[in-house]
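Enquirer: Once you've looked at the hints, dock chain B against the given chain A.
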Amino acid sequence: MRDLVRRTGFRLLLLALLIFGAIALGLSSFFYWQTQDYLVHQIDSWLFREASRLAQIEPNALAGLLQSYSARNIETDHMFMLYDPTGHQVAGFKATLPQPLETLDQPVNMSAMADGKHLRIRGIAHRAASGYLVIVGRNLHELSEFDERLARAVYFGGIVTAVLGLAGAALVGLDASRRLTAVNVAIDRIIHGDLQARLPLARNSGDIGRIAAGVNAMLDHIERLMLEVKGAGDNIAHDLRTPLSRLLAGLERVRRRDPGREDYAFAIDEAIGEVHSILRTFNALLRIAEVEHLRRKAGFITVNIGQIAEDVFEFYDPMAEEKGIAFTYTRPSAEGPMIEGDASLLFEAIGNLVDNSLKFTPSGGEVCLKVLATEQECGIEVIDTGPGIPPEERVAVLARFHRTEPSRTVEGNGLGLSLVAVVAKLHGMKLTIGDVENGCSIALTFQWQSTPVLAVDAK
Amino acid sequence: MARILVVEDDPKNADQITAALNDYGYETDAITTGAEALRKATSETYGAIVLDRMLPGRLDGLTVLATLRAADIHTPVLILSALSAVDERIRGLKSGGDDYLVKPFEALELVARLNALMRPRHLPEQTTTLRVGSLEVNLLTHGVRRDGTLIELLPREYRILEYLIRHRGQIVTRAMLFEEIWHYHYDKASNVLDVHISRLRRKVDAEGLPTIIKTVRGIGYLLDDDA
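Top to bottom, those sequences are chains A and B. Per full-length UniProt numbering, the first sequence runs over residues 1 to 459. Per full-length UniProt numbering, the second sequence runs over residues 1 to 227.
Isolated chain A, as found in the complex:
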């Protein structure tokens, strides 16, 4: 029971019941007051009428008239009474002198005794010139009866409403409680690691249903993220195991043999090299996380993509030549496009794309770095004659540590494109991986919205 009282549904309905009761009570009071007022008014007009009629009749004649009235009206509610100046009743309805009598010629509530019974009267008293007192009155038992009936109606109505209301509230509360229990059970399962569990969705379940649907959508997202994190974790473990086992093997080898001083130096250098490679992977990973969480827009300045691309080209040109790859750079027709950005990050992103292309394009192939500048977009495109990225892997390659099958034998940590992707996102740029005839094309583009930073000549 105490549990039920704590349920929101129950409490809400109880509150509604209280408010409804208060309103009903107010409304009944208002009706009561209005009706009462009307009835008293009716009585009072009759009293005035009769009193003024009787006031014009001589006391002696009045006595006679009242004698006949009282003989007829003794059982009715309409009363006429005549008292002499000493307060002794002369004629009319038999009763003790009604009290109070301070106010004359105005209807007031009085009380008197008749036949040993208490009488409540609304009456008007008039003192004639002779000192005789004429009282016209109406028995108020009609009004009392009305009061009683109304009170009874309010009382029983109230009890019925309360019982029905409480029962309804209990029903709703129990229903809500049942549904919430189901939700709680599901939440418990999720807390205990069952990430596939979802909150129950009853039909027409209103607010709870909407919240449950929202939570379920959130759980879907969290589950996806968890899988991604797990995937990344597995990849980190896998990627670091290789250099770590090489490191271990190298150290064990030198321990096993009977090395000279030079062998030791060589082994130490090798070990340093492996640790460097592990650190590089960690640094690349941290770098991506850093860029990803960056609110670096604050540090953005207007940069020339053409200039940055040219710097990347110049930096990588000797490397391409060493590898026997024809590396070309296509300048924009006019001044390079200007965007708001971070030059170092853009250099890093474009550099990573060129680095990948040069790495995977076989000797004798071609790599082309193009600056794009049209009215719709600007950016760069790297086209190569390498193995390309199969369409089904084009989203996956952006994930950390993903490496396409042919790339497994090439040195690298599978983080390059992830970095490009986060830099692109930070700059509001689009990363598009596409096909070209025997090769691959990756474009990093910025769509001009209504207001380009600077107008671009796109002849």
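Calculated from the structure, these hints are not laboratory results.
What the simulated footprint calls covered on chain A by chain B, stretch by stretch (three residues with Cβ under 8 Å from a Cβ of chain B suffice, anywhere in the stretch; the number is not a length):
no., segment
1, 283-292
2, 308-316
3, 349-360
Partner residues are not named here, just some residues of chain A that face chain B (Cβ under 7 Å, in silico):
no., residue
4, 319
5, 322
6, 344
Model, not experiment: these values are computed from the prediction. Glycine is no exception: its CB is placed at the ideal position from the N, C-alpha and C atoms.
Expert: Below, chain B without anything else, positioned relative to chain A:
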């Protein structure tokens, strides 16, 4: 050799930094707070200051630096920071820092940068030609000769060579060289820089001549006439 003031609140980091600097022949004073740093730096003479950006208390690294510069103390300052974002780097250098190194770093990188900071800043004004052994670089015409033979260099190759020759006898790390010549920060620069250097080397060390640009394994390059 010059003394170096190391301001670093993390004792492990401070130990590593002082150990590395001692290995390379520097004496060090290690302290942990900004207030101490100000007191030391204003009362004693140091060749350089290694200043951690994040310090406990009210005086953080950048405040210490700004106060020193305002007090007209121009000891070279290398800022250490866990923040690598470019605008952080710019803020660090704008506050009067001479170089900025992001943690974690290699000891040799720190030493090489300190060496660069502490070498005499300006050559005599009348110097127009720099010589290392048989290599001769004309700073005005950008003409380069080895044993009197003119060597044709691309503009960027010339700038690399000039930077190396200005730092002759000192290790120049790959990061230092890349930042100086290309003005970007790029973690993947190493392999590509090696290609640039080997092409420069091929031009400068003509057949039969001893190698003048040496590779320091794992860290950078050293230009020296001592073949």
